[in-house]
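Add chain B to chain A, keeping to what the hints say.
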Amino acid sequence: MILPSRTAVLHRVMGPRGIPVAVLRLLLAVIPTVAAAVLLPTDSWMALAILPVIGAAFLHSRLSYAALAVIAIGVLISDPSAWRIAVAVLAVHAVHVLVTLCCAIPGHASISWRALRPTGIRFIVIQAIAQLVGLVASSLQRAEPRPALALVGALALVAVAVVLTVSNTAAGKKVRDTPMTPSYKNPDVTDRV
Amino acid sequence: MTTRFTSAVAIATTCAVALAALGLLFSRGDVVALGAPLALWAVWTTVTAKQPETPEILIDAPLHEDGRYRSSIEVRSDAEAVHLVALLGHSLERQLVVAPDERLEAFSIAQHSGPWFPVWAHARAISADGATTSARDGEARSRHAIAPSTRHLDALPTARTLSGLHGSHQGWRPGQGGDFRDIHPWAPGDELRRVDWKATARLARRRGDLQVRRMHTMSEQAIALVVDGIDDLGEVVATWDRDAPQGSGVTSLDLAREAARSLATMAIETGDRVSLHELGVGGRMTRSAAGNRHLARLAAAITTLAPRESARHWARTPPVPRGSVVFLLSTFLDDTAADLATGWLGAGHRVVAIDTLPHLDPVRLNRAERTGLRLVLAERRERIVRIERQGADLVVWADDPGIAMRLLVRRPR
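If you're matching them up, the sequences are chains A and B in order.
With the first letter of the first sequence counted as 1, position 124 gets the number 130 in my numbering; the numbers rise by one all the way through.
With the first letter of the second sequence counted as 1, position 358 gets the number 1105 in my numbering; the numbers rise by one all the way through.
So that you can see chain A by itself, here it is in the shape it has in the complex:
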C-alpha cells in the first residue's frame, strides 16, 4: 500500500519573521469589541459587539464598518471625556486600516514585520494628529457646548470629502480590492530546461 505523500515535509518556504494575517483579522474582531465594551453601558455592548466579529469573518461585506456606528453611539450617549474620545479615535482608525489591509491579503498568508513597518509608521503619525484633534474637541465640548464647533468641523470634513471624491473619479476605474488568486495554466514543459 502506498502512503500519501506528506507535502509539508517535502516542500517548505522559509521567509522573514512575521505574524499570520489571521492575527490581524483577530485584532479586527477584538479592537472594536473592546472599544464597544469600554464606551457602551455594560448591559448593551454585548448585543452590538457581535457585529465586529461577523465583520471579521465576512471581510468583504465591510460589516466591520458597522463598528464605527457602535463607537460613535458610545461617544454620543456619554458625556464628553478625554479618555473616551482617545479610545474611540484609536478604534475607528484601527478598524479602517485593518479592514483595508485584510481585504488585500488572504487570511491564510503571513506578513513580515518589515512589510508592516510603513503601515505602523503611518498609523502612529495619523493617530498623533487625530488624538490631538480629539483632545481639543473634547476639551472644548466639556468647557461649553458649542454647536458652531460641530458645524465648522463638519463643513471641513465635507470639503475634504468633495475634493477626494472628485480626484478619485478623475483617476478612473478602481483597482481590485480582493487578494490575488493566481492561475497556474499548464506550463509549456517542452521548453528547454
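It is worth saying that the hints were derived from the structure and are not from the lab.
For glycine and all other residues, C-beta sits at the position ideal for the given N, C-alpha and C.
Any given hint might turn out to be false.
Okay, the calculated beta carbon distance ranges per label pair [stated by the list, open to error]:
1) B:Glu886 x A:Pro47: 32 to 38 Å
2) A:Phe64 x B:Arg883: 24 to 30 Å
3) B:Glu1129 x A:His114: 44 to 50 Å
4) B:Ser819 x A:Val59: 38 to 44 Å
5) A:Ile83 x B:Ser819: 32 to 38 Å
6) A:Phe64 x B:Arg850: 33 to 39 Å
7) A:His114 x B:Gln1137: 32 to 38 Å
8) A:Val40 x B:Glu886: 53 to 59 Å
9) B:Trp791 x A:Leu157: 36 to 42 Å
Pulled from the structure, derived: some chain A residues nowhere near chain B, Cβ distances all over 10 Å [unchecked claim]:
10) Val19
11) Leu32
12) Val44
13) Ala63
14) Ser67
15) Ala136
Just so you have them, the derived chain A footprint on chain B, three or more residues with Cβ under 8 Å [stated by the list, open to error]:
16) 802-814
17) 878-892
Relative to chain A, chain B alone:
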C-alpha cells in the same frame, strides 16, 4: 501615471462625512473629531501614495543539497509590501506578504524524473495599507529537469536482418570479423591470406583452384526508441483523474524515461545507432547516430520527456531505418501505440513492446471505479495479446526487465 485606489478611500471619506453629519446633528464636536483619522488617512493616501509598478520576481537556479532543491526568491518593487504566492513542486502553495528586497528560501524534493518547476511564483505589489495595488501581477518560475535512473541490461535483442557495415553483432553477409561462414571457391576480390590450403588440397579439381575460408561480417544495428508520453499515470489509480504529482507514486513516464535511458546506454555501449521519437502533439525526434556525444544528446532529450496531447488522427508514423529494432515504450491504454506496432511489424521490423504501466494500487476506489479499472485493464490486455500474436516481444518494465531482455536475446531470431 494616475494612481488608482480600491474602494477604501471612498469608504474612509464616506465614513468621515457620516460621522461629521452625526456630530453636527447632535452638536457634538467630539463626534465630528471621530472622523478626523479617516479623513487624514484618505488625504495622506491620495496625496502621497502612487500606484506601484508590476513587481519583478527573481528566482535563483535551484541548488541540490541533502537530497532536496533549494531556491532563493527575491521580489523587487517600488511598493511598501508585496503579496507573494509560491507554488512549490507543483503541489504546495504558500502565501506571504513581504517587504521588497526581502529574501525567501524555498525547499522542494523532487518525486519524479523529468521536467519540473521547483518554484512557480506570482506577486502583487501593495501600498497604502492595501488601498492601491499594482495593475498587473508579476510571475516567474524556475525550471529544472531531473535525470532518470538507469538499470543495467546485459544485452539487447537484435534485428532479424542486420544491415549495418561495422558493429558488434554477427551479421549474415560474408565479410570479416565474425564467425566461420563457409569454404568457397576463390573469386576476384578475395584476399590470399584467406586461402584455406587444407581445403584446397581436399576440394580442388583443377590446377590453380583455390578454396577460401569466409567469415560472417560484423554489423551494427539501428535501434528506434519510441516513447508514448500521452499518458502519465501513477501507481495510485485514485490520482488518475487529476493533475496531482504528489501522492501518485511512480508514474508511467518515470518508468518510460528510465527504460529509454537504460536502453540507449546499452545500445550506445554496444556500438549501435539509436534514434528517439516522442509520440503526441509537438513530439520531438532525435535522429539516429552513435557515440558518447550522441548518448549525452539522447540523455538530455529523455530527461525532458513530458506528457503530450494525443495526435493520433493526423500525425504520421515516426520514420525508422530499415531493419531496425523498435522499442515501443507505452502503457497501451489506447490503440495509438498498438496500431504503430502493427504497422512496423508488417514492415518487417522487430518490435519490442515495453510496458511502462506501474503496478497499480486501487486504494480509495469505490466499487464502480474498480469495475471500470478492470474493464480498462482487460482492454489493455487484449491489445497487448494482439500485438504479441502479430510477432511483437513484450517486456514489463515494472518487473525485472534485465531477465526479460536476457530471455529475448536467447530466443532464436
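Taking the Cβ atom of Phe64 of chain A and the Cβ atom of Arg883 of chain B, is their distance within the range 24 to 30 Å? Hint holds: Cβ distance 28 Å, inside 24 to 30 Å.
With a C-beta cutoff of 8 Å, work out whether three or more residues of the segment 878-892 of chain B approach chain A closely enough for the coverage to hold. Holds, because 10 residues of the segment 878-892 of chain B bring their Cβ atoms closer than 8 Å to Cβ atoms of chain A.
Holds or violated: the 32 to 38 Å window for the beta-carbon distance between Glu886 of chain B and Pro47 of chain A? 54 Å, violated
Given a hint of 33 to 39 Å, does the C-beta separation of Phe64 of chain A and Arg850 of chain B actually sit inside it? 35 Å, holds
Can you tell me whether the CB distance of Ile83 of chain A to Ser819 of chain B sits inside 32 to 38 Å? 57 Å Cβ-Cβ, so the 32 to 38 Å window is violated.
Taking the Cβ atom of Ser819 of chain B and the Cβ atom of Val59 of chain A, is their distance within the range 38 to 44 Å? Roughly 41 Å apart at Cβ, these two residues keep to the hinted range, so it holds.
Ala63 of chain A and chain B, when compared Cβ to Cβ, separated by more than 10 Å: Since the minimum Cβ distance to chain B is about 18 Å, Ala63 of chain A lies beyond 10 Å and the statement holds.
According to the definition I'm using, a residue is off the interface if its beta carbon is farther than 10 Å from all beta carbons of the partner; does Ser67 of chain A meet that for chain B? 12 Å, holds
Does the claim that Val44 of chain A lies off the interface hold, with its Cβ farther than 10 Å from every Cβ of chain B? 14 Å, holds
Beyond 10 Å from every chain B Cβ - status for Val19 of chain A: 5 Å, violated
With respect to the beta-carbon atoms only, verify the hint that Val40 of chain A and Glu886 of chain B lie 53 to 59 Å apart. 41 Å, violated
Does 36 to 42 Å hold as the CB distance between Trp791 of chain B and Leu157 of chain A, or does it fail? Violated: the Cβ-Cβ distance is about 25 Å, outside 36 to 42 Å.
In this structure, the earlier hints numbered 1, 5, 7, 8, 9, 10, 15, 16 are contradicted, and the remaining ones agree with it.
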